[in-house]
Amino acid sequence: MGQRGVLRRRGTASVELATALRRELMRWARAEHVPAELVGDIGLAAYEAMANAVLHAYPSGTHGVLELDVSLSGRKLTVTVADHGQWDEGGERVIGPGHGLPLIRELPDHTEISTDEYGTAVSMTWRTTVMS
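Heads up, the sequence shown is in the UniProt record's numbering, so the first residue is 1 and it goes up one at a time.
Incorrect hints may have been included.
Claimed, not checked - Distance condition first, Cα-Cα at most 20 angstroms in a straight line; then the derived EDC-like pairs of lysine to aspartate or glutamate: (1) K76 - D41; (2) K76 - E112; (3) K76 - E32; (4) K76 - D116; (5) K76 - E37; (6) K76 - E106.
The hints are simulated quantities; they were obtained by calculation from the structure and are not laboratory data.
My request is simple: use the sequences and hints to build the entire structure.
In structure tokens form, the structure reads like this:
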């Protein structure tokens, strides 16, 4: 899985990749002894950010990159999801009532969303105590 306290993955943005990365992230968090009550929230918020990248960053029929960067340092766990597309809020691929961003903002202790001509990055931070 790589360096302790760090998880980095990159691949072609797809629902399948987002699902696989969510599972891997949750396994990683448990292996890092993140408290069980946070693991589900971390997985859900990360999945919502990845799903938003898949659904909104790239025009229908095109493929782009999805990146997941996770770090655990002391009492802070940070999950960053990034794409290299241009966000399309009105895209026809929108599914459901749009609860993703509210969850992304509510579940972590801090959320920062940045967008520029190179894509979008969603950085979510949780304060945690790692169980030994």
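For each hint, the structure was consulted:
A distance of roughly 15 angstroms separates the Cα atoms of K76 and D41; the hinted pair therefore holds under the 20 angstroms criterion. Proposed proximity of K76 and E112 is supported: the alpha carbons are some 15 angstroms apart, at most 20 angstroms. A hinted pair counts as satisfied when its Cα atoms are at most 20 angstroms apart, and K76 with E32 qualifies at roughly 12 angstroms. Of the pairs offered as hints, the one joining K76 and D116 is violated, with about 26 angstroms between alpha carbons and a cut-off of 20 angstroms exceeded.
A distance of roughly 15 angstroms separates the Cα atoms of K76 and E37; the hinted pair therefore holds under the 20 angstroms criterion. Simply put, K76 and E106 have alpha-carbon atoms about 17 angstroms apart, close enough for the 20 angstroms limit, and the pair holds.
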